[in-house]
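K.L.:
As given, the protein sequences belong to chains A and B, one line each in that order. Numbering follows the working numbering, in which position 109 of the first sequence is assigned residue number 109; successive positions increment by one, without gaps. Position in the second sequence (first residue = 1) + 208 = the working numbering.
These are calculated hints, taken from the structure and not from any lab test. The structure presented is a predicted model; accordingly, all values stated were derived computationally and were not measured.
Quick list of in silico lysine-lysine cross-link-like pairs, DSBU-like style, CA-CA up to 30 angstroms:
| id | chain 1 | residue 1 | chain 2 | residue 2 |
| --- | --- | --- | --- | --- |
| 1 | B | Lys-242 | A | Lys-39 |
| 2 | B | Lys-336 | A | Lys-16 |
| 3 | A | Lys-142 | B | Lys-322 |
| 4 | A | Lys-142 | B | Lys-242 |
| 5 | A | Lys-16 | B | Lys-322 |
| 6 | A | Lys-35 | B | Lys-322 |
| 7 | B | Lys-261 | A | Lys-16 |
| 8 | B | Lys-242 | A | Lys-35 |
| 9 | B | Lys-242 | A | Lys-16 |
Partner residues aside, some chain A positions facing chain B, computed with beta carbon under 8 angstroms:
| id | residue |
| --- | --- |
| 10 | Met-1 |
| 11 | Leu-2 |
| 12 | Ala-5 |
| 13 | Leu-9 |
| 14 | Tyr-25 |
| 15 | Arg-28 |
| 16 | Val-29 |
| 17 | Ser-32 |
| 18 | Arg-36 |
| 19 | Met-37 |
| 20 | Phe-92 |
| 21 | Pro-94 |
| 22 | Thr-95 |
| 23 | Val-97 |
| 24 | Tyr-101 |
Beta carbons are placed, not taken as given, at the ideal position from N, Cα and C, and that holds for glycine.
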Amino acid sequence: MLDVALVSLIQDMSEKAGVEGTIQYWARVGESLAKRMGKEAYMGWPSFNVALREGRTAFSIEGSVMALTDLAITDVDGDVVGYIYALETCVFNPTTVRIRYSVGELPRADRAVADEYNNSVRDTAVCNFCVIHQRFREEVSKNISIADQQLDCIQLAARGFTGETKIAEDSMRKIGINPEYVRSLLRNYACVYAIMMKGARLKGEEEE
Amino acid sequence: MPEDNNQRAKVTLIDDNPLVDVAACLFLEDIADKQGASGMNNYLVSLATSLAKSMPEEEYDTWDEFIEALENGESIISAFEEVMAITPNCAVTKKCPFTRGWQEYTKRIGEFSKIHTDVAEYYNSVYKPCVINSMCIIHQTFRNAAADRITIKGKPLKCANIAAVWEDGTRKIAPDEWLPILLEKAQITSTDLNMILRNNADVWVIYTD
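Extracted from the complex, chain A is given alone in its bound form:
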């Protein structure tokens, strides 16, 4: 119920504080959620991926996340510095359905917040809630270390409720993943992102 109530408030908030104000609120919520969940440390990528599969990492709060271990990210020396991860169901999808069957339709502010985020921050949002959980992932990765190295999270692609997609092609080039491959992942998954060692020297970056 809280989810539907919150969405009904977005319109009101956006009218009072502007869509930029809503984005700021949502970004703060994402940061605060990550901060409150605390730090994690893993011996190596296998232990992190097992923790993810078992729902023990902070990332797991979003739902079922698959580590696509066939899609390793390597640095200039060919060492594995990260992987691609895919969220099965968009966090906001159930709420969208619940709104459809209780209220009727999403408030206009949902689209307005996503559009403003895409114009002013990063072109990766398919709905207003992307602002919270994309920021959440960025902040969470700062609190997790693998082999004593801090992580970084990069948003790659998302598919919204109506089938609209957002593909961050520049980010994919940096990590050396073909955008068409990630696009095909969206047939099965709602959101695709990379988790990797912070500061890793990537092939794609060297080429730039």
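Once you've looked at the hints, dock chain B against the given chain A.
P.N.:
Showing chain B alone in chain A's frame:
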């Protein structure tokens, strides 16, 4: 026609992702950091009222028709919770709709922030003294605002909370001076109430003038 064929299927919404609920709790905590318990209370009331106002109005020709819609989850007042009518004027919520979010919060983040009970104390002292925490404020405000959108035989529906029990067992029962009147309207005794509270989350009275 066999009786089973006449029974309509109960309408239930799919479960939400608890991350959205947890994020909502943190949003409210952020508001409280800046505006204190009273500011948070304003947001909670506004959140619940605006939700009810965004839902369609309802008209019923008979009380029985309303009760059937209530129990089947077809009425806006029972859209988010499983409700059963113990008597024609007493409804119970079997499970608090905020439980999942709270469980995910306590599992992933830790103890529920104290502000959620502080705001309830504020609400109890200023408005109606029957809430345990911030979630009850949303729930009870929504229910009252939803009741304002329902008419039965042309008369507006009224409702009032008699008692609530939170997941940790904390109970809040209407004040002693109100309780006999509410129980009489609900057609239950105080013993009935205690029995109902063992395995239900909320007990409320519904009536028209």
